[in-house]
Amino acid sequence: MMDPKDNVATLLSDVEAGAIVTVTSAGGDVVKEVEAAQSIPFGHKIAVARIERKERVLKYGEVIGEATEPIEEGEHVHVHNVKSLRVRIETKA
Amino acid sequence: MNFLGYKRPDGSVGVRNHVAVISTVACANEVASRIANQVEGAGALTHNMGCGHYVFAPLRPLAGLGKNPNVAAVLVVGLGCEVVSAKILAEEIAESEKPVKSIVIQEVGGTIKATKQGVKVAKSMAQKVSRLKREPFDLSNLTLGIECGGSDTTSGIAANPAVGRVADMVVNAGGTAILAETVELIGAEHVLAKRAVNEKVAKEIVEVIRGMEERMIKSLRLPVDMIAPGNIEGGLSTLEEKSLGDSYKAGSSPIQGMLEYAEIPTKKGLFIMDEPGYDPESVTGIVAAGAQIVAFTTGRGTPLGSPVAPVIKITGNPKTYETMGDNIDINAGTIIEGKETIDEVGKRIYEKILEVASGEKTKAEILGHRELAIYWAWPVPEKT
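Chain order of the listed sequences is G and C.
For the first sequence, the residue numbers in this note's numbering are 35 to 127.
For the second sequence, the residue numbers in this note's numbering are 78 to 461.
What the hints contain is simulated information worked out from the structure, not anything from laboratory work.
One thing to keep in mind: the hints can contain errors.
[To be verified] Only pairs whose alpha carbons sit at most 20 angstroms apart, straight line, appear in this in silico EDC-like list of lysine to aspartate or glutamate: (1) C:K416 x G:D63; (2) C:K416 x G:D48; (3) C:K396 x G:D48; (4) C:K271 x G:D37; (5) G:K117 x C:E310.
[As the list claims (entries may be wrong)] Quick list of the computed label-pair ranges, beta carbon to beta carbon: (6) G:A53 x C:N79: 45 to 53 angstroms; (7) C:A103 x G:V64: 53 to 61 angstroms; (8) G:A53 x C:E399: 19 to 27 angstroms; (9) G:R90 x C:K295: 24 to 32 angstroms; (10) C:L431 x G:R90: 40 to 48 angstroms; (11) G:G95 x C:E212: 43 to 51 angstroms; (12) G:E86 x C:G445: 51 to 59 angstroms.
[Said to hold, decoys possible] Some chain G residues near chain C, calculated using beta-carbon distances under 8 angstroms: (13) V68; (14) H78; (15) V82; (16) L92; (17) A101; (18) H112.
Backbone N, C-alpha and C fix where the C-beta goes; we use that ideal spot for every residue, glycine too.
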């Protein structure tokens with residue numbers, strides 16, 4: 035976890051569903067433990083708190099996008115449930 | 078700390094001693110390549126620009142590559158009908174007081190004659206520059222380009238913060254650092270603006286980055302992923318996430334200003350160059366602005382080099398170092414594995430930079446990577 039404000043953390047190894055993931059701060063202190071809801075690959079993000087639909091997803095203490103659906107703690111956070119708020123191009127129906 | 082470099086007539090210091098054979102237009106590429114191929118120490122700088130289509134778009138980047146302190150002497154090869162002629166380009170490069178000559182294919186009378194004449198000129202240049210000796214210089218003579226490509230989530234956690242430490246060391250030693258790629262700063266502009274040297278620069282950072290966003294919305298028209306498939310596979314979900322991670326490479330020094338594409342900074346310190354997120358164009362832009370060395374972070378791995386400046390490849394992903402080790406100079410993946418701290422890796426990169434500045438070859442150089450691409454698709458800079 036890069037910043038105390040963050041609601042996601044980056045996995046430093048592949049994890050299997052049900053695995054207990056130890057979340058540490060950038061300084062290396064243990065912050066909490068979360069149970070992985072599904073298998074998540076190395077380098078991908080895991081929710082360290084419940085994130086509501088349209089709630090901002092925070093990493094580095096900054097906004098990296100918003101949730102497109104409710105995300106439970108321990109779930110994989112990626113392009114299927116978070117979208118960018120920048121370079122928004124609306125399609126004409 | 079010192080490095081061993083080559084003193085140039087304008088007072089700048091090169092870390093390489095190239096004879097550059099630069100084509101003014103793609104029509105002259107083959108002749109430029111043939112000349113360079115026959116002369117040890119010479120390298121062709123070829124590209125897809127020129128003619129009249131983009132008017133003066135190629136002038137600043139090509140002149141900048143010729144003026145780069147790593148280039149000891151220049152032979153310009155023109156066709157004869159292009160807007161940025163061999164004469165115009167040679168005169169612009171000659172401002173740096175280094176030896177510059179030009180050959181025009183239509184004037185000389187075709188490929189065979191132009192090649193023959195060019196080889197003679199380049200050979201004479203290569204012989205002269207080979208007599209130059211390296212001397213010690215301090216880091217205030219160094220401009221470090223900072224670039225990333227093929228990012229994944231390890232970039233923002235490991236490789237970029239480590240390179241950020243190096244950028245700070247170079248700037249603290251009185252040198253210059255240029256951060257590239259405006260596209261990949263979209264979403265991080267508020268963080269960077271806080272580090273601007275003054276209000277004016279803060280405003281400019283936000284305007285330039287938002288301006289790039291506007292241009293992208295207008296030119297793309299259709300919703301597309303603003304990050305590459307490899308970025309997504311590597312765990313990056315959004316442009317903001319990529320940008321925030323990217324911005325760590327700039328370290329913590331005050332930002333002195335924004336530069337246009339290939340614009341040479343007029344003072345020392347940290348700068349951001351306004352350019353796209355396409356690596357060969359970005360590297361060309363920062364090298365044309367005078368960077369003698371580029372520190373290039375990559376999560377997924379890339380072989381990219383430059384014909385003018387050594388490119389030091391750094392990955393924060395231990396798996397990439399294992400699989401793409403042929404192309405990667407520094408493994409910063411030790412940060413993720415808990416074996417080294419960001420500061421320790423930063424120190425290793427810094428030491429590598431001093432060695433490379435003094436003559437050690439990077440993997441991109443050894444493998445002959447000389448990619449060059451010029452940014453032209455979007456509005457051409459007004460200044461030249």
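Verification of the supplied hints:
1. C:K416 x G:D63: With a Cα-Cα distance of about 16 angstroms, the restraint between K416 of chain C and D63 of chain G holds, given a limit of 20 angstroms.
2. C:K416 x G:D48: holds, 18 angstroms
3. C:K396 x G:D48: With Cα atoms ~12 angstroms apart, K396 of chain C and D48 of chain G stay inside 20 angstroms; holds.
4. C:K271 x G:D37: holds, 18 angstroms
5. G:K117 x C:E310: Between K117 of chain G and E310 of chain C the Cα gap is close to 15 angstroms, so the pair holds against 20 angstroms.
6. G:A53 x C:N79: 45 to 53 angstroms: Hint holds: Cβ distance 50 angstroms, inside 45 to 53 angstroms.
7. C:A103 x G:V64: 53 to 61 angstroms: For A103 of chain C and V64 of chain G the Cβ distance comes to about 58 angstroms; the hint holds.
8. G:A53 x C:E399: 19 to 27 angstroms: holds, 23 angstroms
9. G:R90 x C:K295: 24 to 32 angstroms: With Cβ atoms ~26 angstroms apart, the hint holds.
10. C:L431 x G:R90: 40 to 48 angstroms: Holds, at about 42 angstroms.
11. G:G95 x C:E212: 43 to 51 angstroms: holds, 46 angstroms
12. G:E86 x C:G445: 51 to 59 angstroms: holds, 53 angstroms
13. V68: Since chain C brings no Cβ nearer than about 17 angstroms to V68 of chain G, farther than 8 angstroms, the hint is violated.
14. H78: holds, 4 angstroms
15. V82: violated, 15 angstroms
16. L92: Given a least distance of 10 angstroms, the restraint on L92 of chain G is violated.
17. A101: violated, 11 angstroms
18. H112: H112 of chain G check passes; min Cβ-Cβ to chain C is 5 angstroms, inside 8 angstroms.
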